[in-house]
Each structure stands twice: as structure tokens, then as C-alpha cells.
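Residue numbers (the numbering used here), protein chains in the order written: chain A, 1 to 304; chain B, 1 to 304; chain C, 1 to 244; chain D, 1 to 244.
Since the hints were derived computationally from the structure, they do not count as laboratory data. It should be emphasised that the depicted structure is a prediction, and the values quoted were computed from it without experimental measurement. Errors might be hidden in some of the hints.
[Unchecked claim] To be clear about the criterion: a stretch of chain B counts as covered by chain C if any three or more of its residues have a C-beta under 8 Å from a C-beta of chain C, and this derived list gives those stretches:
1) 51–58
2) 63–77
3) 169–178
4) 268–276
No residue lacks a Cβ here, since even glycine has one placed at the ideal position from N, Cα and C.
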Amino acid sequence: MNLSVKLPGLQLKNPIIPASGCFGFGREFAQLYDLSVLGGIAIKSATPQARFGNPTPRIAETPSGMLNAIGLQNKGVDYILDNELPWLAQFDTEIIANVAGACEEDYVTVIEKMNGSPVVKAFELNISCPNVKHGGIGLGTKPELAAHVTRLAKEASKKPVYVKLSPNVTDIVEIAKAVEQAGADGLVLINTLMGMRIDLKTGKPVLANKTGGLSGPAIKPVAIRMVYQVAQAVSIPIIGVGGITCAEDVLEFLYAGASAVEVGAQNFVDPYVCPKIIDELPSVLRKYGYNDITQTTGRSFRNE
Amino acid sequence: MNLSVKLPGLQLKNPIIPASGCFGFGREFAQLYDLSVLGGIAIKSATPQARFGNPTPRIAETPSGMLNAIGLQNKGVDYILDNELPWLAQFDTEIIANVAGACEEDYVTVIEKMNGSPVVKAFELNISCPNVKHGGIGLGTKPELAAHVTRLAKEASKKPVYVKLSPNVTDIVEIAKAVEQAGADGLVLINTLMGMRIDLKTGKPVLANKTGGLSGPAIKPVAIRMVYQVAQAVSIPIIGVGGITCAEDVLEFLYAGASAVEVGAQNFVDPYVCPKIIDELPSVLRKYGYNDITQTTGRSFRNE
Amino acid sequence: MVENTKIIKQEQIGVDLYRMELQTSMTNQAKPGQFIQIQVPGMYLRRPISISEIKKDSLVIIYKVVGQGTKRLSEMEEGQTINVFGPLGNGFPIEQREHVVLVGGGVGVPPLYETAKQYRAQNTKVDVVLGFNDKEQIFYEEEFIKLGCSVSIATMDGSQGTKGTVINALKERNIDCDCILSCGPLPMLKALQNTYPNGYISLEARMACGIGACMGCVVKDQQGHAYRVCKDGPVFPFGKVVLS
Amino acid sequence: MVENTKIIKQEQIGVDLYRMELQTSMTNQAKPGQFIQIQVPGMYLRRPISISEIKKDSLVIIYKVVGQGTKRLSEMEEGQTINVFGPLGNGFPIEQREHVVLVGGGVGVPPLYETAKQYRAQNTKVDVVLGFNDKEQIFYEEEFIKLGCSVSIATMDGSQGTKGTVINALKERNIDCDCILSCGPLPMLKALQNTYPNGYISLEARMACGIGACMGCVVKDQQGHAYRVCKDGPVFPFGKVVLS
Ligand SMILES: Cc1cc2nc3c(=O)[nH]c(=O)nc-3n(C[C@H](O)[C@H](O)[C@H](O)COP(=O)(O)OP(=O)(O)OC[C@H]3O[C@@H](n4cnc5c(N)ncnc54)[C@H](O)[C@@H]3O)c2cc1C
Ligand SMILES: Cc1cc2nc3c(=O)[nH]c(=O)nc-3n(C[C@H](O)[C@H](O)[C@H](O)COP(=O)(O)OP(=O)(O)OC[C@H]3O[C@@H](n4cnc5c(N)ncnc54)[C@H](O)[C@@H]3O)c2cc1C
Ligand SMILES: Cc1cc2nc3c(=O)[nH]c(=O)nc-3n(C[C@H](O)[C@H](O)[C@H](O)COP(=O)(O)O)c2cc1C
Ligand SMILES: Cc1cc2nc3c(=O)[nH]c(=O)nc-3n(C[C@H](O)[C@H](O)[C@H](O)COP(=O)(O)O)c2cc1C
Ligand code: FES
Ligand code: FES
């Protein structure tokens with residue numbers, strides 16, 4: 001059974017990648033299992049400077065999902081370069097560096113600093129975060145802004161650039177095409193949906209930040225729909241993410257058009273979910289008649 | 001305990017309204033309980049002509065929710081006028097006529113025909129459906145299109161017009177403001193999120209229509225967020241809808257800024273959910289210190 | 001009605017096949033061929049399952065594990081309660097007749113049991129033809145015999161009874177009748193409709209509400225009129241609706 | 001470790017208050033003041049609950065029903081299994097000491113029980129001060145006495161023991177010590193930190209991962225450095241982090 005997937009810059013031994021922000025830099029999970037079993041790891045968003053992130057509470061539960069408003073807490077790109085990446089070098093897995101920022105220049109800064117790290121195999125641009133330069137709206141919500149930051153990132157980068165799209169848009173296909181046009185090597189779909197919960201006792205939003213990002217199984221149908229639509233409109237590979245909990249979910253994303261997947265919030269529910277899925281994948285693929293995982297991508301819209 | 005809410009055209013004895021498409025014209029539920037207990041009823045979308053709707057399967061389950069692709073099946077406005085509305089007249093509850101169409105003129109046609117019915121107290125424009133005139137995109141996805149259909153509807157209508165917004169947009173506030181500007185008497189938020197599921201056995205989408213509308217508790221955080229954002233930007237009342245299952249959920253929507261709510265898919269899960277919520281509301285309101293439901297609207301963003 | 005019913009019996013009776021008995025007060029309203037909507041804990045929508053037998057204070061269902069919902073149902077234990085909505089839909093007609101033929105395929109067999117019971121109670125001659133993939137799948141043969149029905153079996157692989165479909169078995173046994181009551185997979189129902197003039201079929205469809213309000217489960221008749229499987233069916237006369 | 005543990009005991013011990021015993025093999029790793037993450041069926045995120053007692057083959061937890069998750073937990077029955085992840089976090093220090101004072105408020109009391117047990121096992125003098133809203137809320141007084149602790153009670157309404165907070169009780173009894181181990185509501189922890197020089201507090205926070213990966217549960221120290229309650233805590237020395 002072949003589980004390996006070759007994507008720009010990434011030789012994934014299997015298509016399972018913990019999603020950015022849901023796995024830290026792997027240190028905690030490394031105490032539970034050998035990270036070398038993973039296809040890759042999308043590390044926590046890096047910004048030029050250290051960020052404390054949003055005030056707490058940052059977490060709220062929702063039906064079949066959760067809201068988070070971490071606010072990109074990280075120790076800054078230099079700390080990550082000096083402390084996290086060298087430590088990650090010991091594992092035989094592909095490291096994807098997720099990059100975020102408050103303006104376009106931030107992306108360029110982080111990429112230029114990380115270009116030299118042999119551990120980083122590709123960049124993933126998180127363009128969902130509110131952007132100070134554009135009145136707090138996300139770069140991911142307008143095709144021209146998304147394309148612009150992609151172009152700057154591509155110019156700066158010595159490694160393939162994946163762009164992680166925000167689902168909070170009217171037309172995801174339009175954004176995806178703009179980003180492809182701007183030179184992206186691949187897409188990651190989807191980031192979290194914007195949501196909110198209100199605490200009945202206080203009458204105020206549960207999250208200190210008021211709104212937060214919705215993730216978990218609740219959003220899977222939205223993610224599948226977006227991957228399905230985008231996969232038919234672009235010719236760069238897609239990494240699917242949103243609500244994955246088991247090998248069957250992975251297959252659903254692959255059928256929808258993804259070439260690999262990221263697993264997010266489920267790592268909190270079952271800390272062993274990634275190795276569990278990797279274990280189960282061969283038998284699930286066999287059950288549905290495959291002996292090579294690459295045969296499954298886009299099955300749902302291919303004529304057979 | 002006052003549960004009654006006065007909105008343009010609507011004297012709701014309580015804020016609980018079954019949502020359009022989730023209650024038919026009430027006939028089936030009338031066999032289970034007296035519809036006069038309800039604040040109002042949003043009847044199934046009416047179109048100028050009868051529509052069979054989409055091919056089956058039209059229903060798929062998702063984590064804490066469901067997808068539907070009914071495709072506006074209805075017997076057409078004339079049939080509804082002759083058969084459903086006179087029958088509904090026997091109940092002491094406010095009827096909201098949901099109006100849909102494949103182009104702007106359809107809305108005007110339906111409204112003009114229904115203007116004469118004393119049973120209809122207000123119109124609710126469903127602008128989420130794909131629109132033939134505009135290349136299949138929904139009128140609800142562009143501010144100018146949404147405003148335009150609202151204006152036409154207001155010109156044609158002898159009753160208050162509520163506009164039911166699509167959540168599949170980048171900026172719900174922008175749409176809401178455009179619709180308010182165009183004369184809408186109120187807003188209904190939200191319709192379903194566009195989603196999809198793929199059947200692993202066939203490899204194809206579960207729904208014959210491929211994509212469908214996601215509803216149920218899974219979408220509640222998105223609905224609450226949108227009501228919260230819109231309520232602070234407009235001064236017309238909002239009817240909240242999306243994932244309501246109990247009296248606490250109702251209160252969450254009211255805190256977010258809604259004045260009344262619609263209950264959709266939960267009617268399928270618990271056919272008695274609406275009377276159950278109406279029964280529970282007084283004690284839940286009392287628990288949180290209220291003796292009049294109208295005190296709760298917008299609590300989450302009001303300074304107190 | 002919606003009721004929290006007690007599981008008074010849960011037993012595995014075949015490959016992935018379970019029989020469950022639910023203590024309920026809806027027995028006096030229930031008719032053969034009707035169904036109930038079961039709220040399986042952890043699943044959002046209810047699951048429609050046919051009533052297989054109507055006892056004094058309980059209903060029997062027989063179900064196959066095909067997905068998450070039926071799997072969780074099969075893991076529930078005797079003594080636990082489960083929420084049920086029903087009885088729903090229109091069942092099989094129980095009329096004064098000398099002879100009826102009941103034709104069931106796979107998990108279409110369960111609703112025929114109560115139907116047979118009620119026809120036998122009025123002394124109607126009941127021929128039962130059951131089709132399965134193979135011998136291992138056969139269930140309830142004995143139970144129908146005990147009711148005094150004459151039972152024929154068809155298996156696709158010929159491992160028991162007639163090799164082939166229920167149509168083969170009907171032909172082989174020369175069974176003919178102006179009232180065939182059937183439930184099973186679509187191809188079987190189509191073949192029956194095309195072969196015999198009179199009878200009824202019971203359909204399955206993806207359902208949400210189960211009572212006719214959501215339009216999720218519709219089928220069309222020859223003229224294109226819509227019928228709801230949950231409310232106007234699940235039992236329809238031969239030829240009434242288009243089977244696609 | 002993640003383990004399916006068996007509920008070997010589930011009993012109500014107070015108003016909305018339950019004591020549950022879980023059969024598990026993680027007992028030899030567990031330390032007082034650590035917590036476990038419980039997967040309550042039907043809820044998405046796990047629920048963090050302190051370890052209240054470590055037995056040979058089981059862990060005891062004591063929890064209050066405050067929402068959906070703890071409600072469902074309280075409805076589970078002996079014999080059922082429940083998935084648990086743990087033990088997690090850093091617990092209370094167990095050092096060679098002559099005297100420690102344990103201060104608990106409300107549902108902050110549970111982790112102090114195992115702490116008391118381990119200190120008593122090494123013959124340390126253990127003073128326990130427990131604060132509650134009123135007499136009806138008091139629990140585990142007897143259990144601490146049985147361990148040989150000297151127990152003082154404070155109730156806000158004065159219905160038993162000292163009227164007021166644990167601080168009032170500490171003052172009234174003239175209890176002083178260079179090691180106070182405490183768990184309870186924030187105002188109590190703040191008051192303790194401000195009144196006494198040395199000791200430890202155990203914090204609560206909304207958690208997702210419970211192991212330090214998601215940054216959901218952070219608190220700041222005086223310099224603005226971030227600490228994760230789940231991984232760097234939940235027990236912190238007095239003054240280490242800013243309580244807001
Ligand atoms: C009127 C009626 C009577 C039925 N009687 C029986 C019976 O007596 N015994 C029995 O074993 N099965 C019966 N079925 C089929 C049974 O409803 C499905 O097998 C069951 O819903 C599958 O649920 P799941 O969660 O295991 O499968 P999943 O595939 O995980 O279910 C996903 C969704 O699809 C729906 N679904 C899946 N398969 C079917 C199906 N075949 N028909 C309708 N909905 C489906 C489920 O209800 C659920 O909403 C009946 C169906 C209908 C409509
Ligand atoms: C380290 C630690 C140890 C704890 N030990 C105990 C204990 O021994 N006994 C006990 O009764 N309680 C304890 N708690 C609090 C307990 O976790 C919450 O009461 C419980 O999670 C509430 O869940 P719920 O579903 O009933 O409430 P809901 O309010 O419905 O929960 C919604 C979400 O908020 C979270 N949440 C709600 N209240 C709290 C809280 N106070 N702290 C953290 N998360 C919360 C839930 O985990 C869940 O994710 C502890 C909390 C932490 C962090
Ligand atoms: C706690 C938390 C923190 C996250 N942080 C980031 C982040 O720093 N950068 C990013 O691109 N995505 C972040 N995400 C989004 C996830 O990577 C993923 O896109 C999303 O959660 C959907 O996947 P899921 O449903 O599997 O969780 C975060 C998600 C969660 C739950
Ligand atoms: C089966 C089904 C049919 C629906 N049909 C309509 C419709 O005809 N017109 C409309 O405006 N909304 C329709 N809706 C959307 C609901 O009115 C409601 O906005 C949505 O389901 C969200 O609410 P809920 O989560 O409570 O279901 C339909 C929803 C469902 C589930
Ligand atoms: S399931 Fe709703 S109409 Fe049949
Ligand atoms: S709960 Fe995830 S870091 Fe503490």
C-alpha cells in the first residue's frame with residue numbers, strides 16, 4: 001500500500017500533517033509518540049516578533065467543535081529558528097513553517113529569516129488574521145490582497161509557498177485562483193470559520209476576544225465543499241483541513257480533491273489521533289479498493 | 001413574565017417561530033400540537049410557479065447538523081394562496097410568507113399575489129438561492145443585488161419586508177446595511193452555510209445536487225457571531241436563526257442582538273421543540289433575572 | 001408521539017443483524033408497515049426503522065448495522081432508554097383476503113412479519129418469499145413458518161432455496177396472487193412491479209422530519225407529482241410512483 | 001496516557017456534587033494536584049478534573065455539576081467505561097516538612113485530599129482550612145479528620161465554623177506556616193498570596209489540549225512571560241503568575 005505523497009517541496013511518507021496551532025512545535029506530542037511517523041508537521045504560526053496573543057478565555061466549546069482566539073501567540077521567528085527548528089531536525093518528517101503577520105512585510109521578514117533553515121521544507125501563509133494595514137480585514141478576504149501577499153512571499157522565498165485560505169469569504173474559488181495566479185505552489189483549505197458564543201451568566205461573549213475561529217467536525221462539510229470547488233478550478237495541489245477525526249474523513253477530503261490533509265482540533269480530543277489515522281489508512285484504502293493513496297485525489301469529480 | 005415581542009407587522013405572543021422549510025405549512029405539526037401556541041410561522045418558500053425541487057437524495061447528516069438540498073419544492077404561490085393560507089387562518093399566530101425566486105421579478109410576482117391575503121403579516125425574502133439572471137450566484141452575496149431586490153420588494157409590498165441573509169459572504173455587515181438602506185423592515189439571520197458530504201462507497205457527493213445547506217447546532221456559533229455583528233450596525237430588528245435547540249439557545253440569540261428567533265432543523269429532531277422552548281422560556285428568563293423578554297435583546301454589547 | 005422507550009431486549013440474530021424490543025405505549029396505534037424514528041444518542045437526525053412486530057406493550061424492530069447510527073444502536077444495552085417518534089407513515093393494507101403473498105429482500109423482511117401475523121390472525125393464506133444474498137444472511141424463516149405461512153427462500157448464490165432472486169422463487173413455485181406485499185431493495189421492487197399487476201411496495205428514502213414537512217424524501221408519480229415517502233408512504237401501490 | 005477506564009463508583013456526596021472512582025493503570029504515575037482530561041460522551045472537548053485520591057488501582061475524582069459536561073458525567077453509571085487522558089500537569093510539592101497548611105475553597109478542595117494523605121503518610125502536621133458558601137456545601141470534613149488533619153471550616157454565611165472566608169478562619173485559629181498549599185476560587189487565591197509569603201496555588205483555566213500545545217490556557221507572570229496552566233501548572237508558587 002503506497003501512502004506517500006509528493007508535493008512541491010514535500011516528500012510526505014503519508015498524507016497526515018498536524019495543523020498549525022494545534023500541535024505547537026511538537027514537543028508535547030513527542031512525549032506521547034515518535035513524530036517521525038507523521039507525514040509532516042505544520043508548526044505554529046510564526047511572526048517577526050514575539051506575541052502574547054489575546055487575553056483569556058481563549059477557548060470555548062461548541063456543538064461538535066470549538067472556538068479559539070489564541071491570537072497567534074508565539075515567541076517570534078528568531079526564537080523559533082534558534083530553539084524549535086534545530087530540535088525538530090531530529091525527526092524524519094517534513095516541517096511546514098506557517099507564517100503570519102500584521103502586514104505584508106511581516107510575511108517577508110519571517111520568510112527571509114527562515115529561508116536558511118534546512119529543517120523548513122515549505123512555507124504556509126496564514127492569511128486569515130486581521131491585518132492592521134487594511135483596516136483589520138484579513139488579507140485572505142480579497143483576491144487582490146491575497147494575491148499581493150502571495151507574490152511578495154514567492155519573491156522572498158527560497159522554498160515552495162502554500163497559501164492557507166480563509167473560509168469566511170463569498171467566493172473561495174476566486175481567491176484560490178488569484179493566489180494560484182500569483183505563484184502559489186499549493187493551497188491549504190480551510191482555516192477556521194468566524195464564530196462566537198455568549199455566556200448566559202455574564203451576558204457577554206465567552207471569549208475575551210469576543211469572536212473566535214470555529215474548528216472541529218462541525219465545519220467539515222464546509223471544508224469539503226470548498227476543497228471540492230477549488231480543486232476543480234486550480235491546478236496546484238490542495239492540502240485539506242477541517243474537522244478530520246478518522247481515516248474515513250481523510251478519504252473524504254482526498255475524494256474532494258485534496259492531496260494531503262492537516263488534522264487540527266482533534267489532536268486535543270485524542271492526542272494519538274494522527275498515528276491512529278496513519279495506522280488505519282491502509283485498511284480503509286483497501287476497503288474502498290485502492291492500493292495507492294494518490295489514486296483517490298479528486299475521485300468525487302473525476303469521470304470514471 | 002412578558003414573552004411578547006412587537007416587530008414591524010408582527011405581534012408575536014412569544015419570540016418562537018418555526019423556520020421556513022422546516023415546518024411546511026404547519027399541517028403535519030398541527031397533528032402534534034396546537035399551532036396557536038407559536039409566536040409565528042415562517043412558511044415554506046413560495047415561488048411564482050410550482051417547483052419539484054432537486055433530485056434525491058436531498059438530505060445528509062453531518063456532525064451536529066444536516067445538509068439539505070430540497071431546491072425550493074413548493075406548489076406555487078397560487079396553490080398556497082388557495083389552499084394553505086386559508087387553512088392557516090384558523091390559528092392565532094403570525095404568518096410570515098417566505099418568498100423566493102430565480103430572478104428579481106419572481107419576488108415581485110409572489111409578493112403582489114400575496115399582498116391581498118389577510119393571513120400574511122409580513123414577507124421574508126429568501127435571497128440565498130442561486131439566481132439565474134446573475135449567473136447562478138445568490139442575490140444575497142452582493143450588497144447591490146441584495147439592496148436591489150429589497151427595493152423592488154418594498155415597492156411591491158403592502159406589508160413589512162424582512163430580508164433573510166445568506167451567511168456565505170465575506171462581510172455580512174455590508175450586506176445587512178445595504179438591505180437596511182434599501183428599506184427592509186427587518187432582517188433574518190442566517191440561512192444555511194453551503195456544505196457538502198461525499199459518500200465513500202460511491203466516491204460521489206451524497207446529495208444529488210452535490211452541495212447543500214448546512215444547518216443545526218454546528219452552525220450556531222456562526223449565526224451568533226453574525227447576529228452580534230449586524231445588530232450593532234443596523235437599527236432594524238433581527239430575527240435570529242441557526243442551530244437553536246432549547247430556551248438557552250434562544251436567550252443566546254437575544255443577547256447577541258436578535259428580537260425573536262426561528263427554529264429550523266431541530267423540528268425534525270424533536271417535533272415538539274417549539275412548544276417545549278415556549279414552555280421553558282419563562283423559567284430560563286427568570287433564572288437569568290428577567291421578567292420581560294424584550295430586556296434581553298442586545299445584552300451582549302450593551303454597556304450596563 | 002414522542003416517547004422514551006425502554007430497551008427490553010437487544011439480541012444479535014445474524015451477521016450485523018440485530019433484533020430489539022422496545023417497551024412503549026404506542027402499540028395500539030401501530031400498524032404493520034409503519035415505521036418509527038429513533039433518536040440514536042450522539043447522532044443528529046433520527047433513524048427510520050420499520051416496525052417488525054407489534055406486541056401488547058412493546059414493538060420489535062430488526063435492523064442491520066450499516067453505518068454509525070445503527071452501530072451505536074447495536075451497542076445500546078437492555079434497560080437503557082431510547083427516544084422514539086412514531087408510529088409514522090401508512091403501512092400495508094390489512095384487508096379481508098383469501099390469499100396474500102409477502103415478498104421480502106434482505107432488511108426489507110422485518111415489516112412483513114407483523115403483516116403476516118395480522119393476515120394469519122384472520123386466517124388468510126400467506127405465502128412468504130424471502131430473498132437473500134446467501135445462506136448466512138437468512139433470518140426469520142422459522143418465525144414465518146410458525147405463523148403458519150408457507151415460506152420460500154431465494155439466495156443469489158444458491159446456497160439455500162431457489163438460486164436467484166425472489167422473482168425466480170415466485171416463478172419456480174408458481175406462486176401467483178392478486179395481492180403482493182413487498183419490501184426490499186429497489187431492483188427487487190421494480191422487478192415485482194413489472195411482473196405482477198397488483199400489490200404494494202414499501203420504499204426507503206433519506207429522511208429528516210419523517211412526517212411530511214421537510215420534502216426531503218420525495219418520489220414522483222408518472223405525472224411528476226410529488227409524494228413523500230414518510231407521509232404518503234412508505235407503502236405505495238404497484239405503479240404509483242416512479243422507481244429510479 | 002489515554003485509557004478507557006471503568007467507573008467503579010459513582011455517588012452523589014452533596015448538592016450537585018459527585019464522587020467517582022475510576023479503575024486505571026495510571027495510578028503509579030499520578031501525583032497529588034495533577035489532573036486528568038475526561039472525555040464525556042457527546043461533548044467535543046475533554047473536561048479537566050483534579051485527581052482527588054490515588055488508590056492502588058483507581059483514581060478518585062470529585063466534581064460539581066455546573067454545565068452540560070459535568071451533568072452528563074453525573075448521569076454515567078457504575079460499570080460503564082469512560083476515556084481519560086492523564087495524569088497531566090505539575091502537582092503540589094510533597095517535601096520533607098514538619099507542618100503544612102492546606103487551604104481549599106468549594107470544588108478546590110478535592111486535590112487537597114491526596115496531598116493531605118501523602119503528607120500525613122510522612123507524619124507531617126497538616127492543618128486544613130476549608131471554605132464554603134454555607135453549611136450545605138461542606139464536604140470531606142470527616143475524611144480529612146480521619147487522615148489525622150486538624151480541620152477548620154469557614155462559611156460565608158456563618159452557618160458553620162468561622163463566618164467569612166478561609167482567611168478569617170486562618171486568622172481566627174492563628175494558623176501560620178511557611179508552606180500553604182491552596183486551591184479554590186480566584187479571590188481566595190489572591191487573598192492568600194497577598195497575606196502569606198510562601199505557598200502554592202492551583203489554578204483553573206479553559207483548556208483544549210491539556211498538555212501545553214494549544215496556548216489556550218495561558219497566564220502571565222509579572223514580566224509578561226506566558227505560562228500554560230495545563231503544562232507549567234496548574235500549581236504555581238505564590239506570586240509567580242498574575243491573577244486577574
Ligand atoms: C421507512 C424506512 C424503514 C426502514 N426500516 C428498516 C428496518 O426495518 N431495518 C433496517 O435495518 N433498516 C431499515 N431502514 C434503513 C435504515 O433507516 C438505515 O439503514 C439507517 O438509517 C442507517 O443509519 P446509519 O447511521 O447506520 O447509516 P449512515 O449511512 O451512517 O447514515 C447516514 C444518514 O443516512 C440515512 N440513511 C442511511 N441509509 C439509509 C437507508 N437505507 N434508508 C434511509 N436512510 C438512510 C441515515 O438515516 C442517516 O441520516 C429503513 C428506512 C426507511 C426509510
Ligand atoms: C486543572 C483543573 C482542575 C479542575 N478540577 C476540578 C475538580 O476537581 N472538580 C470540579 O468540580 N471541577 C474541577 N475543574 C473545573 C471543571 O473543569 C469544570 O467545572 C468543567 O470543565 C465544567 O464542564 P461543564 O461541561 O459542566 O461546563 P460548561 O460550562 O458547559 O463547559 C463548557 C466548556 O468550558 C469549560 N469550563 C467550564 N468551566 C470551567 C472551569 N471552571 N475550569 C475550566 N474549564 C471550564 C469546560 O471544560 C468546557 O470546555 C477543574 C478545572 C481545571 C482547569
Ligand atoms: C487552538 C487553535 C489554534 C490555531 N492556530 C492557528 C495558527 O496559528 N495558524 C493557522 O494558520 N491556523 C491555526 N489554527 C487553525 C487550524 O490550523 C485549522 O486550520 C483549523 O483548526 C481547522 O481544522 P480542524 O477542524 O481540524 O481543527 C488553529 C486552530 C486551533 C483550534
Ligand atoms: C430541510 C430544510 C429546508 C429549508 N428550506 C428553506 C426555504 O425554503 N426557505 C428558506 O428561506 N430557508 C430554508 N431553510 C433554512 C432554514 O429556514 C434556516 O434558515 C436554517 O436551517 C438554519 O436554521 P437551523 O439551524 O435551526 O435549521 C431550510 C432548512 C432546512 C433544514
Ligand atoms: S422526511 Fe421530511 S418530508 Fe419525508
Ligand atoms: S490547554 Fe492547551 S496549552 Fe493548556
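These are the hints, each one checked on the structure:
1. Judged by the Cβ-Cβ criterion of 8 Å, the stretch 51–58 of chain B is covered by chain C as claimed, because 5 of its residues qualify and three suffice.
2. Look at the stretch 63–77 of chain B against chain C: 7 of its residues bring a Cβ nearer than 8 Å to a Cβ of that chain, three or more, so the hint holds.
3. With 0 residues having a Cβ less than 8 Å from any Cβ of chain C, the stretch 169–178 of chain B misses the three-residue criterion, and the hint is violated.
4. Judged by the Cβ-Cβ criterion of 8 Å, the stretch 268–276 of chain B is covered by chain C as claimed, because 5 of its residues qualify and three suffice.
The structure shown violates just one earlier hint, number 3.
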